[in-house]
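Protein chains in written order, with the working numbering: chain A, 1 to 290; chain B, 1 to 313.
Keep in mind the hints are simulated off the structure, nothing from the lab. Keep in mind that a hint or two might mislead.
Said to hold, decoys possible - Within a straight-line C-alpha distance of at most 25 Å, the following computed DSS-like cross-link-like pairs (lysine-lysine) qualify: (1) A/2 <-> B/145; (2) A/209 <-> A/279; (3) A/279 <-> B/312; (4) A/209 <-> B/312; (5) A/279 <-> B/145; (6) A/182 <-> A/209; (7) B/312 <-> B/145; (8) B/145 <-> A/209; (9) A/182 <-> A/96; (10) B/231 <-> B/312; (11) B/231 <-> A/96; (12) B/312 <-> A/182.
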Amino acid sequence: MKRTRQGYTLLAPYFILFFAFTVLPVLMAIALSFTSFNMLQPPQFVGWENYIRLFLENEVFMIALQNTLIFAVVTGPLSYVLCFGLAWIINEMRPKLRAVMTVIFYAPSISGNVFFIWGFFLSGDRYGLVNGFLLRWGLETDPINFFRDPDYILPLLLLVQLWLSLGVGFLAFIAGLQTVDKSMYEAAAVDGIQNRWQELWFITLPSMKPQLMFGAVMQITTSFNVAEISTTLAGLPSVNYAGETIVTHMMDFGWIRFEMGFASAIATILFIMMITTNKTVQHLLRRVGT
Amino acid sequence: MVAALKTSFRKKFPKPQYIYDEHGKKIGKLAKRTKRLNRSTGGTVVLFIFMGLLAVFMGFPLFLTVSNALKPLDELFLFPPQIVVRNPTLSNFSDLFVSMQATWVPFSRYAVNTLIITLGGTLGHLMFASSAAYALAKVELPGRKMMFSMVVLSLMFAAVVTSIPNFIIISSLGLIDTYWAIILPAFSAPLGLYLMKQFMEQIPDSLVESARIDGASEYRIYWSIVMPNVKPAWLTLIILQFQGLWATTGGIFIRSEELKPLSFAMGQIAGGGIARAGESAAVMFLMMIIPVTFFIIAQSQMIETLTTSGMKD
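Extracted from the complex, chain B is given alone in its bound form (with noise of 0.2 Å):
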């Protein structure tokens, strides 16, 4: 709120910007910038009391999950409940670790099975997505077009419209009850092949062009020149497959025990009731914490992908 009220008073009369020379000297002033068209302060404070309060909405439950796994037992069950932890303990997490050992299939194979399938699944869709995308955007292919607005096309359904067929097709290659049931159909998602070749778009032709002259070959092209310069959109690959692929729960295409992915325990220790709830708030905060520090860690790569996302006509 403070910040909020400062940042908007800053707007109204900016700090003066300095120019420095290299031993860090003020050599110079920054010309103002121009005038903008400014909200009116009383329009600035209801604005920000309404970002604060849905702020309050989204990061609530985010806050309680972290509150909640650093409860002792007995404060989990309190009444009235307490949304702050009183006396913060990191025992769910040694206990969730003592009964990982102790149950038939151990808390450690899931996190196996979690870390083969996002791992598996993150790099596969990466390298085929970046390399189908690079053709689609600079070589002069008979049918890119159509290809391409197929995959558009394919972001407009869920994927649930196909799971039974898929089901179908995954079972007669005889991929059921293995990590290919989930990998496999993962390669070909459509949302990384989609921002990369939009992003892959903004490369100049040229330095395409110059390579073709020099008589490199299109692998080398795609590997050497166009993907060393496109890491921002890497790193939103991964991390947008990396988030999917880590919620899965295996569903109907893995159905043995041992190998379920960590989501799939994560739901059984959460709806293991009174007993488990410790455990369970333990878990929940390592199933949020994982994905949520790689999107801080890349946050601005992602922006800077998504600002090529748009859809054309």
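Chain A on its own, in the form it takes in the complex (with noise of 0.2 Å):
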């Protein structure tokens, strides 16, 4: 009794915060999403309006909600394989190189706004890095202006994108693979394991399964939250909403226009995306190596 008390009390901190900033804002934003409301005034109900609006007025959300398929369905998938087979080259490296290798590829992810010079070398000036070189040999007579071009935007913010992804699920490889029993490496060679891509699929895999189903929940949340890299590197909006996705549609009628029902509604939509597409990778994935 005590000591359910006292595990009660160390629990308290953390799950009041957790209550109050993630559990009832989620039951928050489903409910908002189902008003019109400004901040100023009381929510007012308004049924299921922000969705009509959202899905048959609003024809911006439309181009939003395919960008951020597109993340999702590229970058998403891409960045999972890059993450384990990376980790899978990397894990046979000696000790030292594989410290280096490790840095290089996980820099990025955690090194802040550092994208930034993304813009910078494909500054649309002749100063950027690829338009000097591009004028230089003569590939262009004028700079492109990349993040201002909306054929160029989505395609560089997809390349950004991947540059960041290799993040906590790429490490969580990493470690898993150095937990798989290496005597079983052996046991399936005298077993008729014929070459590496068998020995993937039936030894390995399988056995850091816990690990891939990690990262996956990890690669799978970047890739539908992707804003930041789109504001900061071709604006917010940007050019003809080449590089709108869910994310920013809802930064732009959240806290610029203020529309927080619709703004909500958008929000309500991404959440159900991201969950319904966990859970179906979730399931997927139990199936590996069976």
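Assembly of the complex is requested from the two constituent chains, each provided in isolation within its own frame, with the hints serving as guidance.
Below is the structure:
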């Protein structure tokens, strides 16, 4: 009894804040999505109107949705495979080289806002590295304004996002690979495993399934959450909304137009998309190696 | 590349491992490791070329950040542009320190703000998350499974989903435009609790049980028995939380210029155009080097923590 009380006391500080800043806000976002709310007057119930407006009248939302799905479909799986592939290769290096490689690959995701540098070497004048070289080699006559040209914005943002995406999941894979029991490989070689791909599928992946699932959660959540690189490099709003994502769309309505109800509807949709994708992928990953 | 080839060579023909006595004299030879499946040499070469290219892609912007920070102003605007600095100088940094005295909000103020936010948010998070993690991992509490699965669920969506209600909650608490607006929600970041709890699970129950029999309170077991045994996890939590807070710009939660953090100021300087290009390069370097240095120091502990990061059903 006393221990239970002490246990709850230890839990309390964290979970009070967790309820206040995570659980309650999710419920509030869902509730607010059915209202019209501008922070000044009390929220007014409007039923499904925000959702109807979003899907039927808001063309930019469709662009945002499409871009977000492109990020999710392209950088999500690509970065996941990259995280694993690199971890797999790095794992076989000598410890020193392994440490150096880990730093190089992990550094972009932890360096704060250093993706600014992309704006620098892709800058739209001839002093940007890329434009400078293209001009010098005669491959273009005028500098391309990369982050202001709708044709370039999305592909470049995808590239920057990929650059940033080797995060905690990558480290978890490196860690996971180190826990695989080495004797299993020897046993498997005796049992007739023929090549390294079979080894990967039948031994390595199943033994690190928990890390694979954790890494998937990390990568999925990040790949749906693209916003800062878009607003920083391409602006808010970006030219022709080429870099608009669900998150930047929500920021636009929430923090610029103060349509909190409408923004909450966007947040709710994003929430549902993230949870559904995560749950589906978890389900699929459970079948790895079986 | 050469090192890579050497590695693959060593894999095929491992160096004999010797056993040494305490004076460093060879006293025996370890048995050769059992043979493992090997890649073909061609495969190895292709793989390492691929790795090399990726390393260049990942490392190039980082390298450029360092190189730019050391370029004198005229080299930043050379045509054709230069990748590698020719006459490295620290003048960008000294310019930065000069202009930080002259601005309306002194640069040092931004640095202090970032320091308060990152230190406060990191330490509080470490304390709150580790005490809760201990209770979830080692104390039989009704409802603890449900609480943990809520935390896991919250890993599955980004915090941006809750940003609008959070703004309403924080402003109704009267915390807008204070450090608390950033620090308080940071205390309850889910990733830290998740990793800490998973790491604590591997501490043997017998250790905790014997302390209970000796009459130690749960607080005491948490603080003097479990905490000293999970130092790698501390470090991981500190590093992860530090990185997040280090990059925060304050956004809508902090409006006063004099309370804005460093990464906001960096955005301003980086957006300051040609006149501030040198300073901007210097700030970018500073923003990058600190989290990366911390990671280099803590790398092995972080990886140790993440071995337990897996999600079980």
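Hints, one by one, checked against the model:
Proposed proximity of residue 2 of chain A and residue 145 of chain B is supported: the alpha carbons are some 20 Å apart, at most 25 Å. Between residue 209 of chain A and residue 279 of chain A, the direct Cα distance comes to roughly 15 Å. Compliance with the 25 Å bound is thereby established for this hinted pair. Simply put, residue 279 of chain A and residue 312 of chain B have alpha-carbon atoms about 13 Å apart, close enough for the 25 Å limit, and the pair holds. Annotation: proposed proximity of residue 209 of chain A to residue 312 of chain B holds, straight-line Cα distance about 8 Å (limit 25 Å).
Restraint check: the Cα-Cα separation between residue 279 of chain A and residue 145 of chain B comes to about 18 Å, which is no more than 25 Å; the hinted pair holds. About 16 Å separates the Cα atoms of residue 182 of chain A and residue 209 of chain A, which keeps this hinted pair within 25 Å; it holds. Taken as a hint, the residue 312 of chain B and residue 145 of chain B pair is honoured in the structure, with Cα atoms around 13 Å apart against an allowance of 25 Å. Between the alpha carbons of residue 145 of chain B and residue 209 of chain A the distance comes to roughly 21 Å, so the proposed pair stays at or under 25 Å and holds.
For the hint pairing residue 182 of chain A with residue 96 of chain A, the CA-to-CA distance comes to about 21 Å; that is within 25 Å, so the pair holds. With a CA separation close to 23 Å, the supplied pair residue 231 of chain B and residue 312 of chain B stays within the 25 Å bound. As the CA atoms of residue 231 of chain B and residue 96 of chain A are separated by approximately 23 Å, the hinted pair is consistent with the 25 Å bound. With a C-alpha separation of about 22 Å, the suggested pair residue 312 of chain B and residue 182 of chain A falls inside the 25 Å cut-off, and the hint holds.
Of the numbered hints stated above, none is contradicted by the structure.
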